[in-house]
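Read top to bottom, the protein sequences are chains D and U.
Going letter by letter, the first sequence gives residues 1 to 158 in this note's numbering.
Going letter by letter, the second sequence gives residues 159 to 676 in this note's numbering.
Rather than coming from a laboratory, the hints here were simulated on the basis of the structure.
Any given hint might turn out to be false.
Covered stretches of chain U, going by a simulated chain D footprint (3 or more residues, C-beta under 8 Å) [as the list claims (entries may be wrong)]: (1) 165-173; (2) 334-345; (3) 423-430.
Label-pair ranges, simulated between beta-carbon atoms [said to hold, decoys possible]: (4) 162/U <-> 56/D: 42 to 50 Å; (5) 446/U <-> 116/D: 40 to 48 Å; (6) 548/U <-> 158/D: 41 to 49 Å.
Distance condition first, Cα-Cα at most 20 Å in a straight line; then the derived SDA-like pairs of lysine to any residue [what the hints assert, rightly or not]: (7) 659/U <-> 482/U; (8) 285/U <-> 481/U; (9) 459/U <-> 24/D; (10) 257/U <-> 246/U; (11) 285/U <-> 480/U; (12) 584/U <-> 95/D; (13) 374/U <-> 21/D; (14) 447/U <-> 313/U; (15) 600/U <-> 98/D; (16) 584/U <-> 108/D; (17) 584/U <-> 121/D; (18) 600/U <-> 62/D; (19) 257/U <-> 482/U; (20) 189/U <-> 178/U; (21) 73/D <-> 319/U; (22) 374/U <-> 25/D; (23) 584/U <-> 92/D; (24) 600/U <-> 67/D; (25) 147/D <-> 228/U; (26) 600/U <-> 450/U; (27) 584/U <-> 122/D; (28) 584/U <-> 630/U; (29) 459/U <-> 62/D; (30) 584/U <-> 98/D; (31) 584/U <-> 620/U; (32) 459/U <-> 25/D; (33) 147/D <-> 226/U; (34) 639/U <-> 620/U; (35) 147/D <-> 178/U; (36) 481/U <-> 319/U; (37) 374/U <-> 20/D; (38) 217/U <-> 178/U; (39) 73/D <-> 422/U; (40) 600/U <-> 95/D.
Every residue, glycine too, gets a C-beta built ideally from N, C-alpha and C.
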Amino acid sequence: MTGIHEPWDETRGAEIIAEHAGQEGATLVILHALQEAFGYVPEAAIPMVAQALNLSRAEVHGVFTFYHDFRHKPAGRHVLKLCRAEACQAAGGDALAARAEAKLGVSMGSTTADDRVTLEPIYCLGLCATAPSAMLDGRLVGRLDDKRLDALVAEAQR
Amino acid sequence: MKMRIFVPRDAAAVAVGADDVAAALEQVAQKRGLPVEIIRTGSRGLCWLEPMVEVATLKGRVAYGPVSPEDVSSVFDSMAGNGQHPLRLGIADEIPWLKRQTRLTFARCGVIDPRSLDDYRAHGGYKGLERALSLGADAILTEVTSSGLRGRGGAGFPTGIKWKTVSQAKADRKFIVCNADEGDSGTFADRMIMEGDPFLVIEGMTIAAITVGATKGYIYIRSEYPHAVEAMNAAIAAAQRGGYLGTNIGGSTQSFDLEVRVGAGAYVCGEETSLLESLEGRRGIVRAKPPLPAHHGLFGKPTVINNVLSFAAAPFILAEGAKAYADFGMGRSRGTMPIQLAGNIRHGGLFETAFGVTLGELVDDIGGGTFTGRPVRAVQVGGPLGAYFPRALFDTPFDYEAFAARDGLIGHGGIVVFDDSVDMRKQARFAMEFCAIESCGKCTPCRIGSTRGVETIEKIISGERVSENLALVEDLCNTMKFGSLCALGGFTPYPVLSALKHFREDFVPAPARLQAAE
Chain D
1 MTGIHEPWDE
11 TRGAEIIAEH
21 AGQEGATLVI
31 LHALQEAFGY
41 VPEAAIPMVA
51 QALNLSRAEV
61 HGVFTFYHDF
71 RHKPAGRHVL
81 KLCRAEACQA
91 AGGDALAARA
101 EAKLGVSMGS
111 TTADDRVTLE
121 PIYCLGLCAT
131 APSAMLDGRL
141 VGRLDDKRLD
151 ALVAEAQR
Chain U
159 MKMRIFVPRD
169 AAAVAVGADD
179 VAAALEQVAQ
189 KRGLPVEIIR
199 TGSRGLCWLE
209 PMVEVATLKG
219 RVAYGPVSPE
229 DVSSVFDSMA
239 GNGQHPLRLG
249 IADEIPWLKR
259 QTRLTFARCG
269 VIDPRSLDDY
279 RAHGGYKGLE
289 RALSLGADAI
299 LTEVTSSGLR
309 GRGGAGFPTG
319 IKWKTVSQAK
329 ADRKFIVCNA
339 DEGDSGTFAD
349 RMIMEGDPFL
359 VIEGMTIAAI
369 TVGATKGYIY
379 IRSEYPHAVE
389 AMNAAIAAAQ
399 RGGYLGTNIG
409 GSTQSFDLEV
419 RVGAGAYVCG
429 EETSLLESLE
439 GRRGIVRAKP
449 PLPAHHGLFG
459 KPTVINNVLS
469 FAAAPFILAE
479 GAKAYADFGM
489 GRSRGTMPIQ
499 LAGNIRHGGL
509 FETAFGVTLG
519 ELVDDIGGGT
529 FTGRPVRAVQ
539 VGGPLGAYFP
549 RALFDTPFDY
559 EAFAARDGLI
569 GHGGIVVFDD
579 SVDMRKQARF
589 AMEFCAIESC
599 GKCTPCRIGS
609 TRGVETIEKI
619 ISGERVSENL
629 ALVEDLCNTM
639 KFGSLCALGG
649 FTPYPVLSAL
659 KHFREDFVPA
669 PARLQAAE
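In isolation and in its complexed conformation, chain U is listed as follows (with noise of 0.2 Å):
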């Protein structure tokens, strides 16, 4: 019989060698004249153990990582033999890391292989899909909205009570359009599902469409994401081939199609009316809010705007039911969180869970704390206008309502790890600088007052007026805050004031530590 063996081809296993472990393995395999097949899958998202390679048996897939093309050699005879080896990690499904997650958008991610709509079907692709058709619109709408789904893009938004709004607009044409914008630091679910397992973005873009009465989607994908690029386009192709897009999709009388367009570069895109100016070919410059892109988004018409992992949830929700999902989370934060752990950790990678887990559980417990040894000294959650958070705040439960109460954001649910060798001074410079950087300009507080901030930041550091300096920084802080016209301008102040706040030893020193600064 022919061993099947699954290597990642997601983008953060290639970056550490995994092409060239899978042909490592095909030459070794001819070597021993035993029949392979080799199949490239998503990542199973423990990143630490990349590039990990699986085995199918008879108990399951079995683990070895992170395996180096060197150690290939010895891995696939270990595969052959089912002998030991230092590397072998065990049946994949029952790593405590993978087995204590609730993956319920994540399921498939790293087990089929991407490029295959009938490997997403055998394993439940397509049943989410199947029974939406089956509901028609006002009962899809019933189901999303009592999942208690909020976008997954950082607002929070209902999304069942978005995709209403669009569905009750009346126009001759309606889009749905995917923010696969990714650019917060520290986050990566979007990219790994959309190279894991596409045609879950397809299916839940899909359902969004029959539910409004919409007939073009757009998925709009960073230019930093190639190879997502490449896995979107390969499932489209893929999904048009099987009936899943076009005319009479899954065999309705429902007609949807899809085509993904590649951003160029600008952070503030994320923001989606910026992104919808972009996907019309324009400057991605944020318009005023309202009108909303329910009811005048892209080319003026009606739009579903939502991000990559709120699409992805509805599946679930379609083919196991509201309360399924509804059943996980606390408050009025329902189903599960794709939480990425990234920058200076041990075990960093995705981990999807309910919502109510601490900060501290993730940081310490599951991420295992920094990869350099050193103690964590701040957090920062929810990307670059996220807050940083120090231990003192490792009790707060991750969950919307909880971040906010204490000045901070969950976001799209990246949480980057730094340890104590961090000067939180250069982290709130930074946070100023990639606004300037970013700003698309339209609005004076966040253009002029980014690059004030970080003028401002630096008399600081350089030991200029202190205490007047840090009172003109929160002042520039709260008129960021109130008067930009979208979360750049608006957010930007949640890393520079949570680091003044929790970490001001940073920027008033000691005399001695004054002496010893740049």
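In isolation and in its complexed conformation, chain D is listed as follows (with noise of 0.2 Å):
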């Protein structure tokens, strides 16, 4: 997820598309690709991937913004992802959500203004029978009560 990422670079971008062109169906493929080497999916890779695909820039943007994966900036240092989704409801998760937004003084799907932290919404990690539950830069947590989520915080803001 987040970590080192590289720096936007027009010919590791061409060999990244290069790459997986070739896969039937390869725009996702590609898109994912690009966000795990930049950190997120620049917008001069979009005609690019249009190019390699024979597809519109048009087409490859619509199925950029379609998906909430997607990132047409960098995150913050570090992601953390709470389950917004029923069974973490269930668990007492509205209440931790709005203890992480307090804590870290951003709302539900931005980033703190130091860039450390992007704070997101998930629907569902599939631990609804340990909720709540979070995912700290692709680490996930299970059980999480205000004490859980204090240390994942500041872990984050570290």
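Taking the hints as your guide, dock the two standalone chains into a single complex.
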């Protein structure tokens, strides 16, 4: 997820696109690969993907904007995702989400001013019997309570 | 002799510290100078006991749980000395919660090493495919059809008929697609089986492939499941090395290969036609049916698209025969259902049992009520598109038709329990909000209706012309139900209308309550 990303580089972008362009229905595969490398999908990459797959820019842009996962700019240094779906709601997830927002001073879906933490909702991590759950930079945490959440927030702020 | 210790690598166990426990076990063993082999398994599904650690003994595997890293040293000494321990649960297979289940699909989950093809085969794996190869397509279709297996994704369409349609279609290429976009809150059976017994999914898809004559398959896994993606990729590579994928599978003349594709956070892609669009590299916009995917599916070719659990049921049916499966269940719901108990529940986890068990048994008896200790007020069955049932409906048997008769659905088998602190207005509002966030936008009732639904329920919450707005919500729900193209817009009314019907008091509060409301 986060971690060390490369700065956008056109040659490197072209390499990544070429690596996957031969697959059938490659658009999502390529967008995932670009985001993994650069931390987001740079706008300059969209026409390159379109060119490689013989699609229009509009088509690729349409795919890019349809899916919640793809970012148009880099996230904060750490990404904290809190599950906001029903099983976590039933286990006290609403209060935890409000607590995280208050601690970080941002609302769901935004990044702290110092670019350290992006707080995002996620709709189900499949950990519904050990709810509420969260994901910090790809690491899963279940059975969240105030104490565990505070520790996660503190870790993200470091 | 080396001690053999089993620690789950299932995401739910890892989320509560299983990796730390495994590392601590290694350290303690080293300190004590005792040789151990730590095997990372899937989860047995007793989620409240995770991380649940097991040690092999002559009497069977003895379980301990929930084990925290601080417990490891004393648990290890108990394992090595066969002594007592407060966390000792006894022989794992004898734990009542596990013993009263009928595990046909999840028989190996939590038992074997999901990275090991040999382990899978040693526990009866690939027997279904072997028999399928000896039977031929027509006889396989007869078996699957007479087993009564219905689509476990939620729609409940007979699997045998779907496969037969694809087998009869003429085309230069056919596809097998596994829908592993398990987006429903309260469900995790697909994730568990992919992480805990991934070869089973591969075997089921391979059986489908040889039946219909498909040579290529895709498993579309949601991006929220990185552990499942890793497990499936590892298993596919192992199956390819072992001759179970690629050319001449299992020594036959058939060819079949598999590829994992990862979703990108769109709930609607769990809808089969939207999933196919996504696999083709497009926006996940729902397709109008007909044509059915069986005739005109992935890349326009005949395609079997089934849920993970449907494919995972096939190997048992082929290995043990249709009757062995169909003997379980009730009415037109044959076999077993891996039921997922979730939310505010004391004993949550994966409970596979024959259809027919009542909702009350599942929630009160098996689930043990809420973990907050407060009374159960509502349960949502079947994910975000499923109805909220009150205690008065707890006699409903787990069966496709019985739930439908009470304006509910079993969906993918998830049950989310809420205690008496739940505000059903909030839940109804969330159902509409979720639909608005996730709507693909193709049809108006879903795209616009969900947003209008949020607004109208908000008016009700703020006490604005409550009875008029309640009537409006009901009318809107009917429009969405009958006018939407797919289950997202079509089923969002279920949680909303059930909340209105069964929990009316939350929407039309007494005057005192009205003042207390926000």
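Against the structure, test the hints numbered earlier, and report the numbers of the ones violated in rising order. 4, 7, 15, 21, 29, 34, 38, 40
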